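Keeping their order, the protein sequence lines are chains A and B. Heads up: the first sequence at position 324 corresponds to 324 in the UniProt record's numbering, and the numbers run straight through without jumps. Heads up: the second sequence at position 163 corresponds to 163 in the UniProt record's numbering, and the numbers run straight through without jumps.
Source of the hints: derived by calculation from the structure; they are not laboratory data. Check each hint, because a few of them may be wrong.
In this list, chains with the same sequence are indistinguishable; a pair is considered to hold if it fits within one copy or across any two.
What the hints assert, rightly or not - Below 25 Å or equal to it, Euclidean Cα-Cα: the simulated DMTMM-like pairs (lysine to aspartate or glutamate) are: (1) Lys154 - Asp118; (2) Lys395 - Glu291; (3) Lys335 - Glu50; (4) Lys322 - Glu116.
None of the values given here were measured: they were computed from a predicted structure.
Number of protein chains: 2
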Amino acid sequence: MSDITTRFADIVGAGNLLSGDAVPDDYSHDEELTQAPQKPAYVARPATAEEVAQLLATASEEGTPVTARGSGTGLSGAAIPRADGLLISFERMNAVLEVDTTNQVAVVQPGVTLTELDATTIPFGLGYMVHPGEMSSSVGGNVGTNAGGMRAVKYGIARHNVLGLQAVLPTGEIIRTGGKIAKVSTGYDLTQLIVGSEGTLALATEVIVKLYPRLEHSATVLAPFADFDQVMAAVPRVLASGLGPYILEYIDTITMAALVHTQDLELGIPDQIRDSCQAYLVVALENRTAERLDEDVERAGELLAELGAADVYVLEGGSARKLIEAREKAFWTAKAIGADDIIDTVVPRGSMPKFLAAVRELASTAGGAAAGCGHAGDGNVHLAILCKDAEKRKKLMGDIFALAIELGGAISGEHGLGRAKTPYFLKLEDPAKVALMHRIKRSFDPAGILNPDVLFAEP
Amino acid sequence: MSDITTRFADIVGAGNLLSGDAVPDDYSHDEELTQAPQKPAYVARPATAEEVAQLLATASEEGTPVTARGSGTGLSGAAIPRADGLLISFERMNAVLEVDTTNQVAVVQPGVTLTELDATTIPFGLGYMVHPGEMSSSVGGNVGTNAGGMRAVKYGIARHNVLGLQAVLPTGEIIRTGGKIAKVSTGYDLTQLIVGSEGTLALATEVIVKLYPRLEHSATVLAPFADFDQVMAAVPRVLASGLGPYILEYIDTITMAALVHTQDLELGIPDQIRDSCQAYLVVALENRTAERLDEDVERAGELLAELGAADVYVLEGGSARKLIEAREKAFWTAKAIGADDIIDTVVPRGSMPKFLAAVRELASTAGGAAAGCGHAGDGNVHLAILCKDAEKRKKLMGDIFALAIELGGAISGEHGLGRAKTPYFLKLEDPAKVALMHRIKRSFDPAGILNPDVLFAEP
Numbered sequence: 001m002s003d004i005t006t007r008f009a010d011i012v013g014a015g016n017l018l019s020g021d022a023v024p025d026d027y028s029h030d031e032e033l034t035q036a037p038q039k040p041a042y043v044a045r046p047a048t049a050e051e052v053a054q055l056l057a058t059a060s061e062e063g064t065p066v067t068a069r070g071s072g073t074g075l076s077g078a079a080i081p082r083a084d085g086l087l088i089s090f091e092r093m094n095a096v097l098e099v100d101t102t103n104q105v106a107v108v109q110p111g112v113t114l115t116e117l118d119a120t121t122i123p124f125g126l127g128y129m130v131h132p133g134e135m136s137s138s139v140g141g142n143v144g145t146n147a148g149g150m151r152a153v154k155y156g157i158a159r160h161n162v163l164g165l166q167a168v169l170p171t172g173e174i175i176r177t178g179g180k181i182a183k184v185s186t187g188y189d190l191t192q193l194i195v196g197s198e199g200t201l202a203l204a205t206e207v208i209v210k211l212y213p214r215l216e217h218s219a220t221v222l223a224p225f226a227d228f229d230q231v232m233a234a235v236p237r238v239l240a241s242g243l244g245p246y247i248l249e250y251i252d253t254i255t256m257a258a259l260v261h262t263q264d265l266e267l268g269i270p271d272q273i274r275d276s277c278q279a280y281l282v283v284a285l286e287n288r289t290a291e292r293l294d295e296d297v298e299r300a301g302e303l304l305a306e307l308g309a310a311d312v313y314v315l316e317g318g319s320a321r322k323l324i325e326a327r328e329k330a331f332w333t334a335k336a337i338g339a340d341d342i343i344d345t346v347v348p349r350g351s352m353p354k355f356l357a358a359v360r361e362l363a364s365t366a367g368g369a370a371a372g373c374g375h376a377g378d379g380n381v382h383l384a385i386l387c388k389d390a391e392k393r394k395k396l397m398g399d400i401f402a403l404a405i406e407l408g409g410a411i412s413g414e415h416g417l418g419r420a421k422t423p424y425f426l427k428l429e430d431p432a433k434v435a436l437m438h439r440i441k442r443s444f445d446p447a448g449i450l451n452p453d454v455l456f457a458e459p
Numbered sequence: 001m002s003d004i005t006t007r008f009a010d011i012v013g014a015g016n017l018l019s020g021d022a023v024p025d026d027y028s029h030d031e032e033l034t035q036a037p038q039k040p041a042y043v044a045r046p047a048t049a050e051e052v053a054q055l056l057a058t059a060s061e062e063g064t065p066v067t068a069r070g071s072g073t074g075l076s077g078a079a080i081p082r083a084d085g086l087l088i089s090f091e092r093m094n095a096v097l098e099v100d101t102t103n104q105v106a107v108v109q110p111g112v113t114l115t116e117l118d119a120t121t122i123p124f125g126l127g128y129m130v131h132p133g134e135m136s137s138s139v140g141g142n143v144g145t146n147a148g149g150m151r152a153v154k155y156g157i158a159r160h161n162v163l164g165l166q167a168v169l170p171t172g173e174i175i176r177t178g179g180k181i182a183k184v185s186t187g188y189d190l191t192q193l194i195v196g197s198e199g200t201l202a203l204a205t206e207v208i209v210k211l212y213p214r215l216e217h218s219a220t221v222l223a224p225f226a227d228f229d230q231v232m233a234a235v236p237r238v239l240a241s242g243l244g245p246y247i248l249e250y251i252d253t254i255t256m257a258a259l260v261h262t263q264d265l266e267l268g269i270p271d272q273i274r275d276s277c278q279a280y281l282v283v284a285l286e287n288r289t290a291e292r293l294d295e296d297v298e299r300a301g302e303l304l305a306e307l308g309a310a311d312v313y314v315l316e317g318g319s320a321r322k323l324i325e326a327r328e329k330a331f332w333t334a335k336a337i338g339a340d341d342i343i344d345t346v347v348p349r350g351s352m353p354k355f356l357a358a359v360r361e362l363a364s365t366a367g368g369a370a371a372g373c374g375h376a377g378d379g380n381v382h383l384a385i386l387c388k389d390a391e392k393r394k395k396l397m398g399d400i401f402a403l404a405i406e407l408g409g410a411i412s413g414e415h416g417l418g419r420a421k422t423p424y425f426l427k428l429e430d431p432a433k434v435a436l437m438h439r440i441k442r443s444f445d446p447a448g449i450l451n452p453d454v455l456f457a458e459p
């Protein structure tokens with residue numbers, strides 16, 4: 001064993017330090033579609049914050065690149081390690097430490113999956129409302145990428161639901177930020193700086209998440225529209241209505257057809273309407289009483305009809321759940337139909353019609369196609385990019401991102417940049433901002449060990 | 001005129017650069033109670049981001065300390081300039097640039113007051129929901145201090161309602177962060193880093209704020225409780241009920257008596273109940289229909305009675321408004337009754353009974369008193385500290401802050417540290433975090449010109 005291997009093994013125990021051929025393939029990738037898998041030189045599975053601190057202090061001394069891994073469900077390649085690097089897997093730090101009903105928070109270790117957190121909080125009538133579409137994702141991963149998902153339109157994104165952290169700096173210092181408190185004005189908000197930093201600033205070893213009361217009654221309204229612009233025009237009206245949807249999604253017809261086909265959905269929509277519409281709006285409502293929910297569903301139906309919906313379908317429990325689940329699995333559907341890349345560009349929601357029309361034209365010019373669905377209320381557009389030629393695809397994606405930025409948006413709303421989108425970011429972002437971010441990075445990570453291929457072009 | 005005076009005057013025009021005796025007293029203070037007023041050497045009133053950029057670039061070159069000022073309503077002394085410094089007043093940058101109903105945002109200059117923003121958004125049925133209790137405060141000031149206020153329990157704090165900024169770095173670079181978008185995962189969240197930084201990192205020259213639909217119907221329920229702990233125990237139950245209050249405040253009896261007296265309130269509470277209760281809970285509800293509001297008020301009344309309220313009063317329009325306004329003016333009431341200092345410590349809401357009992361004992365031991373009210377839903381306790389002896393008061397406040405931190409809270413929930421609370425912060429905060437924050441500060445502000453007495457002990 002090399003000296004470094006011994007040092008890492010001494011920290012986590014020989015059984016929790018893998019190296020060389022003993023490293024399983026799983027640790028070489030996440031769910032991103034285009035990046036080559038890469039096995040790390042070492043995998044460490046620490047059990048405590050102190051072990052993480054010792055690993056990072058050692059890596060800083062040795063100049064070893066470090067990549068953090070939760071469940072490996074990321075879509076940007078932020079969990080792909082360096083060949084000469086250390087992968088820190090949080091699989092053993094997977095305990096829900098506390099469900100605090102008075103303060104309505106849970107304190108969890110980063111390796112906890114959303115499925116586990118959900119199961120633990122259900123008996124208390126509370127829940128962590130960030131559902132990024134993959135319940136096997138970890139809370140630590142949610143922190144890294146600032147996860148969003150369908151419920152963000154009502155409950156916000158990870159950033160709004162992560163109240164505090166225990167985090168380890170690359171120097172090996174352990175800090176606590178925020179707390180079981182919803183507000184603080186006592187120095188810089190380090191919690192918010194670490195959330196969304198994709199493992200480049202510090203590694204979270206404990207996360208305090210906000211819990212909301214679960215409302216008992218919910219229903220889903222599905223409205224096909226003949227015209228895409230009508231869907232987009234309906235969005236601010238639905239939001240201004242006071243109905244407070246917890247899901248507000250659009251699904252284009254290509255994607256709906258793929259979802260219906262691959263997920264075996266039965267939505268009861270006549271062929272004639274299905275064939276004549278360009279997109280669907282999905283509006284999910286919830287309330288604390290069944291009566292109010294019924295009223296809201298009726299009001300939503302009237303409103304959508306006023307706004308030009310070809311028809312309005314109220315989906316009953318089973319089929320509503322199936323549609324939402326199918327929508328959550330849109331990534332897998334995109335993969336199944338042969339998507340060459342996926343993006344989750346965000347634009348101001350008022351710019352979605354213009355953006356999507358331009359994207360279709362750009363894709364077509366490149367000899368490809370772009371189809372998708374997205375968080376209409378948030379302007380967060382999830383697109384499957386179909387374009388086999390790698391060079392053309394790269395140019396197409398660059399053009400799409402440039403357009404989004406021109407419209408006041410950003411490359412990614414919730415997936416993050418990872419290894420895959422960082423080159424676009426460095427090309428398109430204001431150099432003054434990139435330089436500032438890099439100075440911030442160095443203020444956390446003077447040795448530059450944390451995920452050096454993500455957000456910046458490190459040597 | 002000195003060379004520096006000429007340089008600043010060339011940027012903003014001679015009529016917008018004051019120096020020496022021409023500087024009015026107003027620019028020497030904010031509303032903080034204990035810090036000595038200090039006139040700056042220069043006051044500049046820029047009209048554009050470009051002028052702000054030139055001012056900062058010049059100040060960086062000359063090593064001139066710079067303090068930003070909005071409306072001067074801050075409560076921590078963050079707007080008190082240095083004697084040798086430049087005060088940048090945003091009074092001329094006071095335009096609402098856009099109310100965007102599709103994206104439900106407003107784009108404003110930092111000098112816009114909340115009164116002006118409110119008046120501009122009312123016709124659209126939308127509103128900026130951060131109400132820190134002083135409607136003459138500026139949006140720029142809200143950004144600086146991460147303002148909160150009573151509605152934070154439903155609508156969040158400034159941090160959750162500021163979606164993007166145009167900001168000037170101390171080096172003179174102008175950047176744009178965030179946008180008319182609710183989510184982004186594309187590099188570090190510079191917006192969130194600048195919000196709450198009290199003018200120490202960058203100066204906002206444009207702010208994109210989130211607007212919410214205004215709900216038409218609202219009512220306020222007032223519940224006196226015999227026992228303080230009962231009030232605190234009621235808070236999580238009200239929050240878990242799904243009633244979604246937009247205000248959830250406690251007011252102790254001393255403060256209520258002062259409010260009733262100084263604001264001439266008539267709440268219709270019999271003497272017998274008033275005399276036997278320790279604190280009040282104020283629950284404000286709103287809904288899109290009058291019927292639902294009535295139901296919710298009834299349900300809230302039943303719930304509060306179950307939770308031990310001595311009685312429940314539903315305040316009609318006029319008296320409800322008066323009570324909320326009186327509560328918003330609690331700072332002025334504290335000042336009127338001779339408070340020697342005020343604090344807005346935050347603790348996990350479950351720790352409020354313990355915290356407040358300990359504070360009363362600490363104050364009494366110091367020969368003083370502490371009375372107040374606060375954002376019960378947020379654990380944000382506003383206390384008037386009555387203790388004439390400056391040394392004893394300093395020790396008392398240090399003890400109170402240390403206790404709050406021990407309970408998992410922080411020195412300030414929304415007022416910020418400013419000049420007044422920075423010494424406590426430097427004494428009580430984890431040195432590793434202070435050092436990290438200082439490195440972040442330097443990554444923005446290499447010359448150390450921005451508000452050098454705030455958050456850090458600069459030379």
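Cross-check of the supplied hints:
1. For the identical chains of this complex, lysine 154 and aspartate 118 are neighbours both inside a copy (18 Å) and across copies (23 Å), given an alpha-carbon limit of 25 Å.
2. In this assembly of identical chains, lysine 395 and glutamate 291 lie within 25 Å of each other by CA distance neither inside one copy nor across copies; the values are 52 Å within and 56 Å between.
3. Taking the closest pair of Cα atoms, lysine 335 and glutamate 50 never come within 25 Å of each other, the shortest separation being 39 Å inside a single copy and 48 Å across copies.
4. Proximity of lysine 322 to glutamate 116 under the C-alpha cut-off of 25 Å is restricted to the intra-copy arrangement: shortest distance 21 Å within a copy versus 47 Å between copies.
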